[in-house]
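There are 2 protein chains.
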Amino acid sequence: MEIALSRPGLISLAAGFTDNATLPVVETRALLTRLLSARRSAEPALQYGSTAGLPELRQRTAERIRGLDAAPSNDPRYSPDRVLIGHGSQQLLYLVTEILCNPGDIVLVEDPTYFVYLSILQSHGVRCRGIKLEHDGLDLANLQRVLTDLEQRGELPRVKLLYLLSYYQNPTGVTTSLAKKAGALALLRRFERAAGHRLYLLEDAAYREMRFAGDDVPSALTLPGARERVIHLGTYSKPFATGVRVGFGFLPPTLLGPATRVKGNHDFGTSSLLQHLLARALASSEYSDHLATLPRRYARKARGLVRAIRRHLPPSIEWQEPLGGMYIWARLPGIRTGLKSALFKRALEAGVLYVPGSLCYGADPNRPIPDDELRLSFGNASPADIEEGIRRLGEALR
Amino acid sequence: MEIALSRPGLISLAAGFTDNATLPVVETRALLTRLLSARRSAEPALQYGSTAGLPELRQRTAERIRGLDAAPSNDPRYSPDRVLIGHGSQQLLYLVTEILCNPGDIVLVEDPTYFVYLSILQSHGVRCRGIKLEHDGLDLANLQRVLTDLEQRGELPRVKLLYLLSYYQNPTGVTTSLAKKAGALALLRRFERAAGHRLYLLEDAAYREMRFAGDDVPSALTLPGARERVIHLGTYSKPFATGVRVGFGFLPPTLLGPATRVKGNHDFGTSSLLQHLLARALASSEYSDHLATLPRRYARKARGLVRAIRRHLPPSIEWQEPLGGMYIWARLPGIRTGLKSALFKRALEAGVLYVPGSLCYGADPNRPIPDDELRLSFGNASPADIEEGIRRLGEALR
Chain A
0 MEIALSRPGL ISLAAGFTDN ATLPVVETRA LLTRLLSARR SAEPALQYGS TAGLPELRQR
60 TAERIRGLDA APSNDPRYSP DRVLIGHGSQ QLLYLVTEIL CNPGDIVLVE DPTYFVYLSI
120 LQSHGVRCRG IKLEHDGLDL ANLQRVLTDL EQRGELPRVK LLYLLSYYQN PTGVTTSLAK
180 KAGALALLRR FERAAGHRLY LLEDAAYREM RFAGDDVPSA LTLPGARERV IHLGTYSKPF
240 ATGVRVGFGF LPPTLLGPAT RVKGNHDFGT SSLLQHLLAR ALASSEYSDH LATLPRRYAR
300 KARGLVRAIR RHLPPSIEWQ EPLGGMYIWA RLPGIRTGLK SALFKRALEA GVLYVPGSLC
360 YGADPNRPIP DDELRLSFGN ASPADIEEGI RRLGEALR
Chain B
0 MEIALSRPGL ISLAAGFTDN ATLPVVETRA LLTRLLSARR SAEPALQYGS TAGLPELRQR
60 TAERIRGLDA APSNDPRYSP DRVLIGHGSQ QLLYLVTEIL CNPGDIVLVE DPTYFVYLSI
120 LQSHGVRCRG IKLEHDGLDL ANLQRVLTDL EQRGELPRVK LLYLLSYYQN PTGVTTSLAK
180 KAGALALLRR FERAAGHRLY LLEDAAYREM RFAGDDVPSA LTLPGARERV IHLGTYSKPF
240 ATGVRVGFGF LPPTLLGPAT RVKGNHDFGT SSLLQHLLAR ALASSEYSDH LATLPRRYAR
300 KARGLVRAIR RHLPPSIEWQ EPLGGMYIWA RLPGIRTGLK SALFKRALEA GVLYVPGSLC
360 YGADPNRPIP DDELRLSFGN ASPADIEEGI RRLGEALR
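In order, the protein sequence lines correspond to chains A and B.
Just so we're aligned, residue 0 is where the first sequence starts under numbering that gives the first Met the number 0, counting upward by one.
Just so we're aligned, residue 0 is where the second sequence starts under numbering that gives the first Met the number 0, counting upward by one.
Chain A with its partners taken away, still in its complex shape (with noise of 0.2 Å):
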């Protein structure tokens, strides 16, 4: 963000913000319009609130999750007593790995990973291991090998979570399908005695509803176990509005009155005005009719770049077309990307940003990081700055 507010003209295919042309303007001035005209409705939403979140948008988001797994109404995975509202699914992402892990502890992240994920781990102190991600998520032989790995060290103990960013994966744009969760989660219960405790599958659906195309992958809390394993988050940050910051999880019994204790005194509570908004969105069409209005815009943007670096960049470049998100990821076999490399150097003085892939890696000391790689975002960049950005990125290639 620095880099891009000191040089203006440059364009950047690295940040992750959403589209401004998505940004729900009309809707999100009716639905406050309507909320603050009466102060009935107006006071609860300017008051504070309960810590774990605001009753009503708990039991819609409970409702709205379970409907996109087509779960039974009376299961017990979607109770709303189990959801737990934040300011972002990256205070939950905080919140769970705070109350999870001591310094010196180990979390399994996919190779690569969502960078701020990394810096949460760092600033706790807390070690990682990388697993091999394939085109359908996570390769679950190199799953087991790491595991069997850290048994042998003795280290299983220090083990606490499985981080899976499962729906079009930042960076990679990678979903996660609902067998390698499956055999995910199996393995992190295989693996339980000898860790001596419970192993938790931490699933971040922040761009589940940033679908585009093919279909939606049912979530882990599908899975048998998952009431006591699995910690599942989502947004609405995301697909409505990213400046609502408004996330959400289900948490396993046993974490949900520490996180919320912590979220307590992170904030005692998200803000009511946030999140009376939200439910009120969902309460009407106003939050599914938006959301309808997301995939010809980013199925649109994503064709864009598609083509940009099928005609700007080289024939070696390698790369997969993504279905959701807002990401590209793709390897240059052979050619330095990193922050000091020539090329990020080049890109930055032809006027193009990219987010280098050694960024997205943990630093587990057992292999080495990739540095031929790159995250390309279509989120916030017009479709003319796209199409420009790529030229200009394949002319610092040359």
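Source of the hints: derived by calculation from the structure; they are not laboratory data.
All residues carry an ideal CB built from backbone N, CA and C; glycine is no exception.
Any given hint might turn out to be false.
For the chain B half of the interface with chain A, some residues (derived, Cβ under 10 Å), not all of them [what the hints assert, rightly or not]:
(1) 25
(2) 35
(3) 197
(4) 261
(5) 263
(6) 266
(7) 267
(8) 379
Here are some of the chain B residues that sit facing chain A, going by a computed Cβ distance under 7 Å [claimed, not checked]:
(9) 40
(10) 42
(11) 45
(12) 89
(13) 90
(14) 119
(15) 240
(16) 241
(17) 243
(18) 244
(19) 265
(20) 270
(21) 272
(22) 273
Add chain B to chain A, keeping to what the hints say.
Leaving out everything else, chain B in the frame of chain A:
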């Protein structure tokens, strides 16, 4: 809260909620309608911003606090660059404590102090030492004795900061005089060499704008050496609307970077919508006009509480007339007030809830925790409920 929810008809003089009747419903609706009336102003409010906060809000915050402190316009202590915006000032309390304290470290707190801050300390494994409080703030002789004792025990290097709720303190209502702030900061500076590092003064001014009698006191930012040592926190939530959680901190240069990075891990920035709302309130007259309506209402409720205490409670009760904030702290010599006391139980049976004073003392093994005090709030209860609540408390006492 659990108790209050489970007993309808209960009058809570415990909750720290503000007065519903003072919530700025019309103002908020007008501000948001204008903000969201054009895409140009609306889009930034619905999009991510920077982690440190909206530049305009940081600027207006800096100007506002500089104005309250009557400091010159070029005073570097009030530079907007020093301001970090949080999801309530509560989040800033958390961030500052998180970046400064390791498990086993020591924080100096007032006896009594804000109980949620004690919970933050506890959750980070931080110890505390209590400093006696007088009618005009910290007992400086006691502060000196505690610092000397810590030096003699070789524990001074573990001391990180003094937490001072300097305006209409929660729970006692006490305001610290400027002379006492200066004395406290001078003492901290004197012990810095023995500590081996800076000893920060964490000034929490959450209730500063909740004044209804007497004069404002300049903040600790006005003191010599403040730029490097004073962390000054304030909030817009309490005076404006507690459902709009926006607080701010002025941080020493050494702490600003680390706190901003951890804030990035928490939530990468407070909701833009809330920040734009507050920036507009400050830019228009809405904020100060609203502020001007508060004193009359709170002064009236405080007077009602005082009258009810005189009418219904025994003359042995000791308390101090409030000049701001939302609390009266009372001592009932010889009567236990704790959660397991006969009084607490009978008060519940009579239908009134208070905060036992013992909850507001840190776990400092060097002094006993008094068990004959209680906190009464006139923030949220109606004038009639305040009168009736105290009548019930008197009944319980008899």
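How the hints compare with the structure:
{"no.": "1", "hint": "25", "verdict": "holds, 8 Å"}
{"no.": "2", "hint": "35", "verdict": "holds, 4 Å"}
{"no.": "3", "hint": "197", "verdict": "violated, 21 Å"}
{"no.": "4", "hint": "261", "verdict": "holds, 6 Å"}
{"no.": "5", "hint": "263", "verdict": "holds, 7 Å"}
{"no.": "6", "hint": "266", "verdict": "holds, 5 Å"}
{"no.": "7", "hint": "267", "verdict": "holds, 6 Å"}
{"no.": "8", "hint": "379", "verdict": "holds, 8 Å"}
{"no.": "9", "hint": "40", "verdict": "violated, 9 Å"}
{"no.": "10", "hint": "42", "verdict": "holds, 5 Å"}
{"no.": "11", "hint": "45", "verdict": "holds, 4 Å"}
{"no.": "12", "hint": "89", "verdict": "holds, 5 Å"}
{"no.": "13", "hint": "90", "verdict": "holds, 5 Å"}
{"no.": "14", "hint": "119", "verdict": "holds, 5 Å"}
{"no.": "15", "hint": "240", "verdict": "holds, 4 Å"}
{"no.": "16", "hint": "241", "verdict": "holds, 5 Å"}
{"no.": "17", "hint": "243", "verdict": "holds, 5 Å"}
{"no.": "18", "hint": "244", "verdict": "holds, 4 Å"}
{"no.": "19", "hint": "265", "verdict": "holds, 5 Å"}
{"no.": "20", "hint": "270", "verdict": "holds, 4 Å"}
{"no.": "21", "hint": "272", "verdict": "holds, 5 Å"}
{"no.": "22", "hint": "273", "verdict": "holds, 6 Å"}
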